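S.K.: Spelled out, the chains give:
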Amino acid sequence: MSLPLLITEQNILEPSMKKYYLVARNTWDQTIAYRLNFVMWRFRVFLSLITTYFLWLTLLPQGKVIGSYTQPTILTYILGGSIVSSIVLSTRVADVAEEITQGDLSNYLTRPVNYIGYYFAKDIGDKGMNILFSLFEITIFFLIVHPPFSFPPHYVNTIEFIIAMLVAIFINFSINMMLSFIGFFSSETWAPRFIYYILLSFFAGSLFPLDIFPHWLYILLTVLPFSYLIYTPMKLYLGQLSLSSAMLALSIALAWAIILYFCVQILWKKGLKQYSAEGK
Amino acid sequence: MKYLRLWWFLTLNTLQTTLAWRYGTLIFLIGKFLRFGFFFFFLSVLLGRAQTLAGYNATQVFFFYLTFALVDSIPQLLFREVYRFRQQVLSGNFDYYLVRPISVLFRSLFGGSDLLDMPLTIINIVLLVIIGARLPGISFFSSIAYIVLLMNAILIAAALHIGVLCLGILTTEVDNAIMLYRDISQMGRFPIDIYKEPLRGLLTFVIPVGVMMTMPAKVLMGILSPQLFIISCCIGIAAFLLSLSLWHYALRSYTSASS
Numbered sequence: 001m002s003l004p005l006l007i008t009e010q011n012i013l014e015p016s017m018k019k020y021y022l023v024a025r026n027t028w029d030q031t032i033a034y035r036l037n038f039v040m041w042r043f044r045v046f047l048s049l050i051t052t053y054f055l056w057l058t059l060l061p062q063g064k065v066i067g068s069y070t071q072p073t074i075l076t077y078i079l080g081g082s083i084v085s086s087i088v089l090s091t092r093v094a095d096v097a098e099e100i101t102q103g104d105l106s107n108y109l110t111r112p113v114n115y116i117g118y119y120f121a122k123d124i125g126d127k128g129m130n131i132l133f134s135l136f137e138i139t140i141f142f143l144i145v146h147p148p149f150s151f152p153p154h155y156v157n158t159i160e161f162i163i164a165m166l167v168a169i170f171i172n173f174s175i176n177m178m179l180s181f182i183g184f185f186s187s188e189t190w191a192p193r194f195i196y197y198i199l200l201s202f203f204a205g206s207l208f209p210l211d212i213f214p215h216w217l218y219i220l221l222t223v224l225p226f227s228y229l230i231y232t233p234m235k236l237y238l239g240q241l242s243l244s245s246a247m248l249a250l251s252i253a254l255a256w257a258i259i260l261y262f263c264v265q266i267l268w269k270k271g272l273k274q275y276s277a278e279g280k
Numbered sequence: 001m002k003y004l005r006l007w008w009f010l011t012l013n014t015l016q017t018t019l020a021w022r023y024g025t026l027i028f029l030i031g032k033f034l035r036f037g038f039f040f041f042f043l044s045v046l047l048g049r050a051q052t053l054a055g056y057n058a059t060q061v062f063f064f065y066l067t068f069a070l071v072d073s074i075p076q077l078l079f080r081e082v083y084r085f086r087q088q089v090l091s092g093n094f095d096y097y098l099v100r101p102i103s104v105l106f107r108s109l110f111g112g113s114d115l116l117d118m119p120l121t122i123i124n125i126v127l128l129v130i131i132g133a134r135l136p137g138i139s140f141f142s143s144i145a146y147i148v149l150l151m152n153a154i155l156i157a158a159a160l161h162i163g164v165l166c167l168g169i170l171t172t173e174v175d176n177a178i179m180l181y182r183d184i185s186q187m188g189r190f191p192i193d194i195y196k197e198p199l200r201g202l203l204t205f206v207i208p209v210g211v212m213m214t215m216p217a218k219v220l221m222g223i224l225s226p227q228l229f230i231i232s233c234c235i236g237i238a239a240f241l242l243s244l245s246l247w248h249y250a251l252r253s254y255t256s257a258s259s
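Here the protein sequences come in this chain order: A and B. The opening position of the first sequence corresponds to residue 1 in this note's numbering, with each subsequent residue numbered one higher. The opening position of the second sequence corresponds to residue 1 in this note's numbering, with each subsequent residue numbered one higher.
Derived by calculation from the structure, the hints in this document are not laboratory data. Bear in mind that the values here come from a model prediction, so they are computed numbers and not experimental data. Where hints are given, some of them may not hold.
To be verified - Pairwise CB distance ranges (calculated): (1) A:Ala-94 / B:Ser-256: 49 to 55 Å; (2) B:Thr-255 / A:Ser-150: 55 to 61 Å; (3) A:Ala-33 / B:Arg-252: 40 to 46 Å; (4) A:Arg-111 / B:Ser-256: 50 to 56 Å; (5) B:Ile-147 / A:Met-247: 25 to 31 Å; (6) B:Leu-251 / A:Tyr-197: 33 to 39 Å; (7) A:Ser-150 / B:Ile-138: 29 to 35 Å; (8) A:Tyr-34 / B:Cys-234: 37 to 43 Å; (9) B:Pro-198 / A:Tyr-197: 30 to 36 Å; (10) A:Leu-22 / B:Leu-228: 54 to 60 Å.
To be verified - So the derived list for chain B, only partly shown, Cβ under 7 Å to chain A, looks like this: (11) Ile-27; (12) Leu-29; (13) Phe-33; (14) Phe-36; (15) Ala-54; (16) Cys-234; (17) Ile-237.
As the list claims (entries may be wrong) - In the DSBU-like style, the derived pairs of lysine-lysine whose C-alpha atoms are separated by at most 35 Å in a straight line are: (18) B:Lys-2 / B:Lys-196; (19) A:Lys-19 / A:Lys-269; (20) A:Lys-269 / B:Lys-32; (21) A:Lys-18 / A:Lys-273; (22) B:Lys-32 / A:Lys-273; (23) A:Lys-269 / A:Lys-18; (24) A:Lys-270 / B:Lys-32; (25) A:Lys-270 / A:Lys-64; (26) A:Lys-19 / A:Lys-270; (27) A:Lys-64 / B:Lys-2.
Note that CB positions come from ideal geometry on N, CA and C, so glycine has one too.
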């Protein structure tokens with residue numbers, strides 16, 4: 001009986017856990033080696049944060065309320081969402097598509113590594129660096145702007161927030177992996193990813209909380225996986241969901257993570273049958 | 001005339017290359033329309049809730065956004081070759097540009113205009129006319145001033161793209177610089193009045209996002225002083241002349257090391 005590939009397959013559990021740690025550390029070192037690219041990337045993320053922050057600061061002056069948001073709660077949402085975005089959305093999985101279409105995947109198939117696990121480890125290294133930089137940026141931002149910021153009202157909200165974020169990491173990883181696996185069937189992999197980024201930028205909740213949308217659209221969005229990437233973790237952080245709503249949201253997110261996990265496995269197996277190491 | 005014919009020829013070549021990837025091209029096109037539509041929808045939801053943004057009503061905010069979108073898309077349409085410039089320098093192909101009997105700057109800047117941005121640009125212009133007509137107090141002169149500042153914005157965009165080309169020659173660094181330009185210009189999606197000082201001043205006069213994106217709409221609405229109009233034009237001309245000097249300097253410094 002085959003066990004779930006990402007966390008329990010033999011080659012991950014055994015002393016070889018170390019090799020995935022080394023992959024994560026190599027990714028970290030790689031990022032430092034090409035630091036100009038990374039610093040520029042982070043600067044661009046920071047610019048986007050500044051725009052969103054000032055937009056909401058202007059839209060929601062002190063004392064005004066939009067939906068369930070006052071100025072301090074919306075600014076906490078935007079700033080916290082920026083850190084969540086750095087943790088959840090940072091990924092190296094886009095490289096997988098190129099490795100498939102260029103035939104470089106063959107190099108990995110002959111090695112004693114689980115390819116999906118290998119990329120998950122790379123993502124961990126990448127996320128580590130992104131977390132470090134986003135905390136640095138936010139600290140600078142706090143020192144200059146002194147924005148209002150609140151912490152979760154109860155420790156239960158912190159636990160819910162952390163669980164939601166971990167599930168979100170799996171959801172985003174799986175969707176990105178599936179998008180890259182398009183490379184098994186077509187060389188045009190960037191266009192679907194472009195659409196995914198557009199959907200993310202509007203429906204993950206980094207630009208604005210999704211519950212400002214009309215109710216019918218909000219309900220529709222809570223059915224889709226995007227809202228569980230940033231919006232749900234931040235709502236849980238703010239303590240704006242009742243315990244039953246929080247459990248429901250976490251259950252849907254978990255269901256998406258499981259469904260997407262199996263989709264990744266199916267696509268991987270089908271893709272490998274199709275794979276012809278073209279270009280090698 | 002010769003350069004216009006050449007531009008058309010090069011643009012058609014680029015279009016043919018793009019259309020070789022039909023499926024991807026179609027999805028990219030759909031993606032661009034979706035992004036435009038989603039942002040419009042987002043703005044309408046936002047303004048439905050907040051009524052005004054920095055004192056501007058919904059029609060004005062839409063007009064600011066459409067002006068931004070136009071100023072953002074025309075340079076993308078025209079100067080797309082800049083995005084491929086690094087590869088030309090690294091591969092040594094840039095040497096071939098230098099020996100041909102056409103302007104190297106023209107080839108590097110206009111050599112791969114992307115007509116795929118055309119449909120959205122046309123829709124953008126139509127929407128600008130429809131929404132612009134709903135703004136109160138528009139006169140013939142303010143419309144002319146608007147067009148002048150739009151051209152000024154394209155001039156600044158050209159200057160910034162030339163700056164990126166120079167950076168490409170001097171350091172082979174293009175990708176980050178061009179994406180940085182894109183991200184900074186995105187700050188002009190909303191009127192720059194939303195930013196606090198000193199950021200607002202910086203975005204107006206140092207990195208002229210305000211001059212490019214916000215000033216044209218303001219002049220049409222009749223809320224831009226004549227002094228700021230003249231300063232905006234001066235910034236545009238100065239930026240362009242400076243970029244040309246930088247270009248000549250970069251060409252003189254080019255060592256063709258990659259070939």
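S.K.: Hints first: check each against the structure and report whether it holds.
M.R.: For each hint, the structure was consulted:
no., hint, result
1, A:Ala-94 / B:Ser-256: 49 to 55 Å, "33 Å, violated"
2, B:Thr-255 / A:Ser-150: 55 to 61 Å, "56 Å, holds"
3, A:Ala-33 / B:Arg-252: 40 to 46 Å, "32 Å, violated"
4, A:Arg-111 / B:Ser-256: 50 to 56 Å, "40 Å, violated"
5, B:Ile-147 / A:Met-247: 25 to 31 Å, "58 Å, violated"
6, B:Leu-251 / A:Tyr-197: 33 to 39 Å, "36 Å, holds"
7, A:Ser-150 / B:Ile-138: 29 to 35 Å, "45 Å, violated"
8, A:Tyr-34 / B:Cys-234: 37 to 43 Å, "39 Å, holds"
9, B:Pro-198 / A:Tyr-197: 30 to 36 Å, "32 Å, holds"
10, A:Leu-22 / B:Leu-228: 54 to 60 Å, "58 Å, holds"
11, Ile-27, "4 Å, holds"
12, Leu-29, "9 Å, violated"
13, Phe-33, "10 Å, violated"
14, Phe-36, "10 Å, violated"
15, Ala-54, "5 Å, holds"
16, Cys-234, "26 Å, violated"
17, Ile-237, "27 Å, violated"
18, B:Lys-2 / B:Lys-196, "48 Å, violated"
19, A:Lys-19 / A:Lys-269, "24 Å, holds"
20, A:Lys-269 / B:Lys-32, "33 Å, holds"
21, A:Lys-18 / A:Lys-273, "30 Å, holds"
22, B:Lys-32 / A:Lys-273, "34 Å, holds"
23, A:Lys-269 / A:Lys-18, "26 Å, holds"
24, A:Lys-270 / B:Lys-32, "31 Å, holds"
25, A:Lys-270 / A:Lys-64, "54 Å, violated"
26, A:Lys-19 / A:Lys-270, "27 Å, holds"
27, A:Lys-64 / B:Lys-2, "60 Å, violated"
Hints 1, 3, 4, 5, 7, 12, 13, 14, 16, 17, 18, 25 and 27 from the earlier list are contradicted by this structure; the remaining hints agree with it.
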